[in-house]
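A.B. asks: Chains as they are written, first to last, in this note's numbering: chain L, -15 to 211; chain W, 2 to 179.
For the record, the hints were derived by calculation from the structure and aren't laboratory data.
For glycine and all other residues, C-beta sits at the position ideal for the given N, C-alpha and C.
Careful: at least some of the hints might be erroneous.
[Said to hold, decoys possible] Derived Cβ-Cβ restraints for the label pairs, each shown as a range:
1) K(-1)/L - A15/W: 53 to 61 Å
2) G35/W - K17/L: 53 to 61 Å
3) G35/W - G33/L: 39 to 47 Å
4) G6/L - K130/W: 36 to 44 Å
[Said to hold, decoys possible] So, partial list: chain L residues that the calculated Cβ filter (under 10 Å) puts toward chain W:
5) A112
6) K176
7) F189
8) F197
9) G208
Each chain, letter by letter, is given below.
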Amino acid sequence: MVNDIDEAPAMEAVKEIRNSGGEAVACVADISKSEEARKIIDTAVEKFGRLDILVNNAGITRSAPVDTMTDEQWDTCVDVNLKGTFNCIRAASRFMMKPEHGGRIINISSVDALIGPAGQLNYNAAKAGIIALTKTMAREWAKYDVACNAVALGWVHTRMSGEMESGEAVFGQTMGIPKKLRDKLLERGGFKIMTPEDAAKPILFLASADAAFITGILLNVSGGMHI
Amino acid sequence: MGRSISLLFAKEGAGVAVLDLNEAAAKMVAKESGKDTSHVTAVRVDVSSSKEVNAAVQAILARWGRIDILVNCAAIHRDERFVDGDEEMWDLLMAVNLKGTFLPTKAVLPAMIEQRYGRIINFASASGKVGSAREVVYSATKGGVIAFTKALAREVARYGININVICPGPIETPMLLE
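One chain only, chain L, in its complex shape (with noise of 0.2 Å):
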């Protein structure tokens, strides 16, 4: 079950997958809603009986400084990033507290909520704020046999990260880092820029059943941004 606020983007990853022998259904929903975050996941039990693994991917950038920042960057960044995270848990929950059911659940953070880079204060503890959400579900949900982690994200190829001097508008707003501070970072290096298929390898570890063992944890997957 894809997920994404825009249609486009999960059509095709529903097309990929479909072409390469996999089953897919796409929902195109805003999971900073709670009855939007309910329909993605009944969409997903509706189409395939039950609920195995969720993957809170989906983030958002609204980046500024803390005086200048505004109610509404603060609200949608958190909103997006933290609460849609648990709203589609709670929602998971209808299906995942069930006895001999199970389950894994990855929820996305970030290098950023252990870095704290200026100028996205906002971001920076939406993704903290995921690090000790997963502890609790990790201790809450051990006994409904569901192992929770999640993984600390560095600099991945995304819609996010690209130039925002050319980037699309998502959700109401340009993406993008501005290419003076994207130059900079790229300049200072010293770590390795990941495409969502490098990303997506150790979460699928972790949704995996080798990581039978694993819960609770934050999995730094950075290319050496973090350390």
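Based on the hints, put chain W in the right spot on chain L.
C.D. replies: Below, chain W alone, put in the same frame as chain L:
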């Protein structure tokens, strides 16, 4: 743990050198793998001895020409109050757990740097992160492994060498059962 790791890697097709202080145990693991000696070999090594570690690594390089992966999982443990322990115990734990991670790593790094490839996996412990009562010195050695891993990761990432550390909780092994 060394046994399980060795068997899994052998099953996945890796050439495995099983290094253990207990030569008979190492040989038993090699036999259990079901692979011939060109694929799995057993070597008696005291990881706290630079002479033995270096000789073993040189022999492995002579045999296979490269070393891609090093798993440092040899360790000893003491369950006692810190005030009841002595300097001899402190030195032994440090020698096996910390120096015994340092020495094999130092021995394999030149090859990995030349290869521009390496994967080093160290074993610390949850104790190394949280500090467990009655395992004070053990916790110190494992905390040391964690810091060593992070620092070395910064030094060798540029050569394509990843180094990470796993912190297990209680695992059913001879060390726990003792």
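A.B. asks: Take the hints in turn and mark each one as holding or not.
C.D. replies: Going through the hints against the structure:
1. At roughly 38 Å, the beta-carbon separation of K(-1)/L and A15/W lies outside the given 53 to 61 Å, and the hint is violated.
2. Checked against the hint of 53 to 61 Å, the pair G35/W and K17/L passes, with Cβ atoms roughly 56 Å apart.
3. The hint said 39 to 47 Å for the Cβ distance between G35/W and G33/L, and at roughly 40 Å that hint holds.
4. Under the hint 36 to 44 Å, the C-beta atoms of G6/L and K130/W, about 38 Å apart, fit the expected range.
5. A distance limit of 10 Å between C-beta atoms decides the matter here; for A112/L the minimum to chain W is near 18 Å, and the interface restraint is violated.
6. Because the beta carbon of K176/L sits about 8 Å from the nearest beta carbon in chain W, less than 10 Å, this interface hint is met.
7. Taking 10 Å as the C-beta cut-off, the interface hint given for F189/L is violated, the closest approach to chain W being about 13 Å.
8. Interface restraint check for F197/L: the shortest CB-CB distance to chain W comes to about 8 Å, inside 10 Å, so the restraint holds.
9. Hint status for G208/L: holds, given a least beta-carbon distance of 5 Å to chain W, under 10 Å.
In summary, the structure is inconsistent with hints 1, 5, 7 from the numbered list given earlier, while agreeing with the others.
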